[in-house]
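S.K.: The lines below spell out each chain.
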Amino acid sequence: MDWDWLTSNRALITDLLTQHVYLALVPVALGLALALPIGFLTARFARLYPPMLAASAVLYSIPSIALFIVFPGILGTQILDPINIVVALTIYAGALLVRSVADGLRSVSDQVRQSATAVGYERWRRVLKIELPIALPFIFAGLRFVTVANISMVSVGALIGIGGLGQLFTDGFQRSFFTPIIVGMVLSVLLALCADIAIVTTQRFLTPWTRAGRTT
Amino acid sequence: MNRSIQLVGAVVIEFENVTKRYPDGTVAVSDLNLTAPAGKITVLVGPSGCGKTTSLRMINRSIELTSGRISVDGDDIMSVGAVQLRRGIGYVIQHGGLFPHQTVLDNIATVPVLLGWGKKKARSRAYELLERVGLPSAFAKRYPAQLSGGQQQRVGVARALAADPPIMLMDEPFSAVDPIVRAGLQDEFLRLQQDIGKTIVLVTHDIDEAIKLGDNIAVFRTGGHLAQVDPPARLLAHPADDFVEGLVGKDRGYRVLSFVPIGDLPAHPVPTVTVGASMADARQAAGDEQWLLVLDADRRPIGWFDTTQPDVTSVEQRALRTVGTTFGGESSMRAALDGALGSPSGQAIRVDGSGAFVGAVSAVEIARHVASLGNVAVGA
Ligand SMILES: Nc1ncnc2c1ncn2[C@@H]1O[C@H](COP(=O)(O)OP(=O)(O)OP(=O)(O)O)[C@@H](O)[C@H]1O
Ligand SMILES: [Mg+2]
Chain A
1 MDWDWLTSNR ALITDLLTQH VYLALVPVAL GLALALPIGF LTARFARLYP PMLAASAVLY
61 SIPSIALFIV FPGILGTQIL DPINIVVALT IYAGALLVRS VADGLRSVSD QVRQSATAVG
121 YERWRRVLKI ELPIALPFIF AGLRFVTVAN ISMVSVGALI GIGGLGQLFT DGFQRSFFTP
181 IIVGMVLSVL LALCADIAIV TTQRFLTPWT RAGRTT
Chain B
1 MNRSIQLVGA VVIEFENVTK RYPDGTVAVS DLNLTAPAGK ITVLVGPSGC GKTTSLRMIN
61 RSIELTSGRI SVDGDDIMSV GAVQLRRGIG YVIQHGGLFP HQTVLDNIAT VPVLLGWGKK
121 KARSRAYELL ERVGLPSAFA KRYPAQLSGG QQQRVGVARA LAADPPIMLM DEPFSAVDPI
181 VRAGLQDEFL RLQQDIGKTI VLVTHDIDEA IKLGDNIAVF RTGGHLAQVD PPARLLAHPA
241 DDFVEGLVGK DRGYRVLSFV PIGDLPAHPV PTVTVGASMA DARQAAGDEQ WLLVLDADRR
301 PIGWFDTTQP DVTSVEQRAL RTVGTTFGGE SSMRAALDGA LGSPSGQAIR VDGSGAFVGA
361 VSAVEIARHV ASLGNVAVGA
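Chains A and B supply the protein sequences, listed in that same order. Note that this note's numbering gives residue 207 to position 207 of the first sequence, counting from 1, and the numbers run on in steps of one. Note that this note's numbering gives residue 122 to position 122 of the second sequence, counting from 1, and the numbers run on in steps of one.
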């Protein structure tokens with residue numbers, strides 16, 4: 001472990017960490033934004049659900065490196081453009097989150113939906129105030145998984161030159177110099193841990209009923 | 001069975017030639033004509049799939065009718081927006097249909113909030129209703145999963161009543177709780193209705209519940225046809241056809257007694273003794289009789305004493321058998337019969353307004369008396 005390398009490369013490490021956070025989390029946000037309407041539609045129209053499951057599985061099974069390399073061709077972007085990574089990871093995140101959203105909404109019982117309508121909720125208000133909150137535990141489970149997966153997948157981007165902390169791996173590997181590899185590993189594990197804690201904390205705050213133990 | 005009627009705010013619901021055909025062709029309700037009188041409980045009863053829920057849910061337009069007309073207080077329900085209509089109609093289903101992610105308080109405050117009452121007013125109203133349905137205010141912060149089935153049911157009723165709608169629709173509201181809790185909820189519900197006098201339409205498949213709760217009972221047969229609409233006493237006494245007779249059951253003759261007033265059912269004297277008397281006094285009072293009725297200082301019956309039991313030296317509390325149900329001038333024949341059948345001596349005890357002993361009557365005497373009354377007894 002070469003501590004001098006660490007101090008002299010503080011700026012670089014900070015940059016890579018920032019890039020890593022950006023590359024990992026922006027796709028989660030975009031994926032969720034896509035998954036909400038699509039998940040809503042697949043939950044509402046039962047016929048769309050099986051094809052959605054199949055599409056989700058297929059998308060998720062494409063190796064990430066293939067997407068990273070294919071996108072410049074499709075999107076007309078530079079091979080070194082971070083957009084490629086963002087788009088690829090958005091697809092993964094969206095593919096998984098669509099299931100979480102649909103499963104969450106499908107978990108709302110008929111009785112709850114029926115009584116929400118009967119007490120006089122308009123449809124959109126029912127979705128926002130009743131169905132979506134009840135779906136939250138499912139959505140958060142998806143978010144936790146997707147976020148951690150993205151944080152680890154960003155590093156793969158280093159193979160094509162943009163990968164946040166992953167670049168520390170390629171750099172250290174090429175030079176047979178272990179310090180950057182260790183720093184990269186520690187930071188990405190810490191990042192995943194922090195992100196997970198942040199999500200769980202938000203979830204505890206937003207879904208207090210899931211923790212209310214039965215007393216009767 | 002006299003329920004006070006408050007016409008204030010109570011409205012009548014009318015079905016006129018209402019038919020519901022589902023998209024797959026199923027005719028769930030056909031040509032239904034039915035009136036749910038203002039301030040009364042109308043019970044829809046019948047076998048599974050006969051169209052009870054469909055009929056109920058057409059009232060708040062959760063299900064759109066195919067043809068015919070439903071009116072509330074004379075106004076066609078199609079003349080108001082569905083959402084508006086629903087906010088003026090309380091709705092209760094099994095388990096209360098509570099929102100699992102909201103506290104009890106928020107659940108109850110649902111309609112006031114939707115109506116834009118303002119948070120403070122909605123909350124204080126919700127607390128009021130929590131008390132009204134007999135739940136401690138400490139429950140306000142709980143979630144539905146933290147309540148028992150019966151408690152959830154009460155919260156469901158509280159939510160339905162929160163905005164004080166003139167109408168309440170209830171779909172098998174008590175069927176998800178065990179029989180003992182159910183009986184308690186039903187009694188409470190009747191007491192509540194006595195105060196609030198809502199127009200209530202209640203669906204059940206349990207004829208006993210229908211008879212207990214209904215001011216009027218609409219019996220449906222499969223295919224959504226009405227077989228009979230009548231008050232419970234009349235339904236029991238004069239079933240319209242074999243179908244209704246089968247539904248009300250073989251013991252309808254016994255059940256109809258719930259609706260026969262005591263009237264001048266004659267009671268006879270029985271030997272009595274005051275609690276604490278000696279064995280000698282007891283034997284003397286009893287004469288040839290095996291059973292002696294034991295009274296307290298105020299002449300209220302407290303138990304039967306078996307004069308033939310050994311090893312007893314005085315008429316003491318622990319040597320007594322229960323008197324069972326006593327009855328008074330306000331009771332029904334059924335209470336008297338239940339009392340007689342449940343009593344160790346075979347005699348039901350009649351008491352006066354203060355609970356003091358008046359006389360006794362046996363099951364055979366009750367049966368003879370009822371037979372002498374004929375059908376007029378039912379008064380329907
Ligand atoms: N959405 C629907 N589409 C097609 N048929 C339906 C639909 N809902 C109900 N039905 C049919 O309409 C008939 C009446 O149903 P409904 O739910 O009103 O019966 P019910 O009397 O409430 O029965 P239960 O006591 O079992 O609740 C049944 O034959 C049922 O299968
Ligand atoms: Mg039903």
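Honestly, I wouldn't trust all of these hints.
[Unchecked claim] Pairs of lysine-lysine residues, derived as DSS-like cross-links and limited to a Cα-Cα distance of at most 30 angstroms, are as follows: (1) B:LYS119 with B:LYS141; (2) A:LYS129 with B:LYS212; (3) A:LYS129 with B:LYS121.
Calculated directly from the structure, the hints in this document are not laboratory data. Note that the coordinates shown come from a computational prediction; the quantities given were computed from them, not determined experimentally.
S.K.: Would you mind marking each hint as holding or not holding in the structure?
M.R.: Hint check:
| no. | hint | verdict |
| --- | --- | --- |
| 1 | B:LYS119 with B:LYS141 | holds, 15 angstroms |
| 2 | A:LYS129 with B:LYS212 | violated, 38 angstroms |
| 3 | A:LYS129 with B:LYS121 | holds, 20 angstroms |
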